[in-house]
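A.B. asks: In case you want the letters, here they are:
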Amino acid sequence: MTELLVGTKKGLFVLEGEPGGELEVKARAFAGEPVEYAMRDPLTDRLLASVTSAFYGPKIWYADDPAGEWEQAGGVALPEGGGAALERIWTIVDGEGDGDRALYAGGDPGVLFESRDGGASWELNRALWEHPTRPGWQPGGGGLCLHSIVPWPDDPDRLAMGISAAGVWLTEDGGSTWRQGNKGLVARYVPEESREETTALCVHRLHRAPRRPERMFMQFHGGVYRSDDAGESWTDIGAGLPSDFGFPMAIDPADPDSAYVIPLAADMDRVTPDGRVRVYETRDAGESWTERGDGLPQENAYLTVLRHGLDRRGEGPELELYFGTTTGEVFGSGDAGASWFGAAKHLPPVYSVRATR
Amino acid sequence: MALVRLRGPLKRLAGDRSEQSVEAGTVCELLRRLEREHPAVDGWILDERGLIRRHINVFVNGECVREDAPVAVDDRIDVLPAISGG
Numbered sequence: 007m008t009e010l011l012v013g014t015k016k017g018l019f020v021l022e023g024e025p026g027g028e029l030e031v032k033a034r035a036f037a038g039e040p041v042e043y044a045m046r047d048p049l050t051d052r053l054l055a056s057v058t059s060a061f062y063g064p065k066i067w068y069a070d071d072p073a074g075e076w077e078q079a080g081g082v083a084l085p086e087g088g089g090a091a092l093e094r095i096w097t098i099v100d101g102e103g104d105g106d107r108a109l110y111a112g113g114d115p116g117v118l119f120e121s122r123d124g125g126a127s128w129e130l131n132r133a134l135w136e137h138p139t140r141p142g143w144q145p146g147g148g149g150l151c152l153h154s155i156v157p158w159p160d161d162p163d164r165l166a167m168g169i170s171a172a173g174v175w176l177t178e179d180g181g182s183t184w185r186q187g188n189k190g191l192v193a194r195y196v197p198e199e200s201r202e203e204t205t206a207l208c209v210h211r212l213h214r215a216p217r218r219p220e221r222m223f224m225q226f227h228g229g230v231y232r233s234d235d236a237g238e239s240w241t242d243i244g245a246g247l248p249s250d251f252g253f254p255m256a257i258d259p260a261d262p263d264s265a266y267v268i269p270l271a272a273d274m275d276r277v278t279p280d281g282r283v284r285v286y287e288t289r290d291a292g293e294s295w296t297e298r299g300d301g302l303p304q305e306n307a308y309l310t311v312l313r314h315g316l317d318r319r320g321e322g323p324e325l326e327l328y329f330g331t332t333t334g335e336v337f338g339s340g341d342a343g344a345s346w347f348g349a350a351k352h353l354p355p356v357y358s359v360r361a362t363r
Numbered sequence: 338m339a340l341v342r343l344r345g346p347l348k349r350l351a352g353d354r355s356e357q358s359v360e361a362g363t364v365c366e367l368l369r370r371l372e373r374e375h376p377a378v379d380g381w382i383l384d385e386r387g388l389i390r391r392h393i394n395v396f397v398n399g400e401c402v403r404e405d406a407p408v409a410v411d412d413r414i415d416v417l418p419a420i421s422g423g
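As they're listed, the protein sequences go chains U and F.
Those letters in the first sequence? Residues 7 to 363, per our numbering, in order.
Those letters in the second sequence? Residues 338 to 423, per our numbering, in order.
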C-alpha cells in the first residue's frame, strides 16, 4: 500500500492505494488553506505539514493521524523586532541519526529551522540567518526560498541546501558554519560579463545519491547539473533533454547514476513542451536521457509540475514515481518510469507530492 | 478597557471567547497584550516585525486602522480576515 501526501492550494490530501490505478482519498486536512509541503517522519511516523494561511501566516503543524487533531509547532518565526517576517515554509526533511537526530525545515527568506523533538518545536539556524553575504541574496520568482535540504547518509553534521536564488550551501559541522558550492553553475539569465561573479544562482531542486553521497544532481533555472564532489562544483548534463528548464527532480536511491526530471518548455513558457507530458530518465549520470511518457498525456497537454511535485518510493526495478500538476492531476509509475497511470484527478492545484509508505 | 471582538480561528485560539476586554493605548499594544494573555494567538495577527499581517484588517469603532492607531476606553476593536484569496 502506497501513501501519498499531496499538498495543494486548498488543503492536504492523503491518498492511499496500490500502484497501477487511481488512489483513494483517505483524508483531507487544512481545508481551504495552502499546504506547501507535508511529510511523514520515518522514525516516529508523525506527519508534519507546512501551511501558509493567506491571513494568519506560515505555520508548521504535526499530527499522528491526518484526520485527527493537528498541533501547531512552536518557534517557526524569525527574531521579533527585526526587519523581516517569515513568508513560507517550503520543505521539511528528516536528518540522519537515530535518537538525537534533527528534523529540518527550509523557508522564505532563505532560512533554516531545526527541531530536536520530532517537530513540536523549532529553532532558527543563526549561522545562516546571520551569514555576512545575506544582504546580497536575491529572491527568485517564488521568493527567497530554501527548498532543498540534503543530508549526508550516516553523518548528521554534513548537509547541502539549495536556495533560490542564493545557490548551494554546504556545512560539515552541523550548521555552525556555511559556505557556498556554486562552481560551474552558469546563470544564463544575467549578462555574460556578470556570470562569473553573480551569486544570484537560482537552484530549483537538489538531490544526493545516498549510495555515493558525493554524487549530487540539480535542476537549475536553465540547466541540469551533476556534482561528483559533494556539491563543490557542477557539470552541466542537460544535453539531450527537450528543454533544460524545469523544477522537480527525483533519483533512484539504488543507482547513483540515476536521475529523473520533468522538463518544461522554457523560463517564459512553464508548461510541458509540445503539449506532451514526459519524464526523462538518466542511468548514466547524465550522459544520455531516455524519454518516459508511456501512459502520460501526449496530446494537447500543457501541464506544470512545481519543484516539490515529484517524489519516489522504494528503489531499483520496483521504484515508484509520482508527480502532481497545477491542474490537479497526479500521475504514478510502479516500474521506475517505464509506464504511467493516473493516480488522482480533480484535485486543487498540486504544490507537493510525498510518497511516504 | 477596550472591547476586542474575534472570530473563527482567532476566537478559538483566544480561549474560545469571541469578546475580550483589553487595556491598551494603541492597536499594537492591544494586540501584544492579547498575545501575552493568550500565547496561542502569537504570530497569527502580528508578524515578527510587529506589523498587522497583510490580509488581516483591524477596525477601531468601524474604521480600518494600522498598528499605531490610538485605542481608548470603550472603543470596539474588530480583528477580521480581509476579503481576499483565490
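To be clear, the hints were calculated from the coordinates, so they are not data collected in a lab.
Nothing here was measured: the structure is a model prediction, and the numbers come from that model.
Don't take every hint at face value.
Unchecked claim - Only pairs whose alpha carbons sit at most 25 Å apart, straight line, appear in this in silico DMTMM-like list of lysine to aspartate or glutamate:
| no. | chain 1 | residue 1 | chain 2 | residue 2 |
| --- | --- | --- | --- | --- |
| 1 | U | K15 | U | D275 |
| 2 | F | K348 | U | E39 |
| 3 | F | K348 | U | D261 |
| 4 | U | K189 | U | D300 |
| 5 | U | K16 | U | D47 |
| 6 | F | K348 | U | E86 |
| 7 | U | K16 | F | E356 |
| 8 | U | K351 | U | D290 |
| 9 | F | K348 | U | E77 |
| 10 | F | K348 | U | E93 |
Claimed, not checked - Some chain F residues judged to face chain U by a derived CB distance under 7 Å, without partners named:
| no. | residue |
| --- | --- |
| 11 | G352 |
| 12 | D353 |
| 13 | P376 |
| 14 | C401 |
Yeah, the Cβ is synthetic: ideal placement off N, Cα and C, and Gly gets one too.
A.B. asks: Keeping to a limit of 25 Å between CA atoms, is the pair of K348 (chain F) and E93 (chain U) held or broken?
C.D. replies: 23 Å, holds
A.B. asks: Decide if the proposed pair is consistent with the structure: K348 (chain F) and E77 (chain U), CA atoms, cutoff 25 Å inclusive.
C.D. replies: Roughly 17 Å separates the two Cα atoms, so the pair holds.
A.B. asks: Holds or violated: is the Cβ of G352 (chain F) closer than 7 Å to a Cβ in chain U?
C.D. replies: This hint is violated: G352 (chain F) lies away from chain U, its Cβ roughly 15 Å from the closest one there, beyond 7 Å.
A.B. asks: Sort out whether D261 (chain U) lies within 25 Å of K348 (chain F), counting only the CA atoms.
C.D. replies: 52 Å, violated
A.B. asks: Under 7 Å is the threshold here; is the Cβ of D353 (chain F) close enough to any Cβ of chain U for the hint to stand?
C.D. replies: 15 Å, violated
A.B. asks: Compare the distance between the alpha carbons of K189 (chain U) and D300 (chain U) with 25 Å, and conclude whether the hinted pair is satisfied.
C.D. replies: Since the Cα atoms of K189 (chain U) and D300 (chain U) sit roughly 37 Å apart, the hinted pair is violated (cutoff 25 Å).
A.B. asks: Would you mind confirming whether the straight-line C-alpha gap from K351 (chain U) to D290 (chain U) stays at or under 25 Å?
C.D. replies: Between K351 (chain U) and D290 (chain U) the Cα gap is close to 33 Å, so the pair fails against 25 Å, i.e. violated.
A.B. asks: Please work out if K16 (chain U) and D47 (chain U) have their alpha carbons no farther apart than 25 Å.
C.D. replies: 23 Å, holds
A.B. asks: Would the stated hint for C401 (chain F) survive a check requiring a Cβ distance to chain U of less than 7 Å?
C.D. replies: Violated, about 15 Å.
A.B. asks: Within 25 Å, alpha carbon to alpha carbon, are K348 (chain F) and E86 (chain U)?
C.D. replies: With a Cα-Cα distance of about 24 Å, the restraint between K348 (chain F) and E86 (chain U) holds, given a limit of 25 Å.
A.B. asks: Assess, step by step, whether the Cα of K15 (chain U) is no farther than 25 Å from the Cα of D275 (chain U), and give holds or violated.
C.D. replies: 21 Å, holds
A.B. asks: Can the restraint linking K16 (chain U) and E356 (chain F) be considered satisfied, given a maximum Cα separation of 25 Å?
C.D. replies: Violated. K16 (chain U) to E356 (chain F) sits at ~30 Å, over the 25 Å cutoff.
In this structure, the earlier hints numbered 3, 4, 7, 8, 11, 12, 13, 14 are contradicted, and the remaining ones agree with it.
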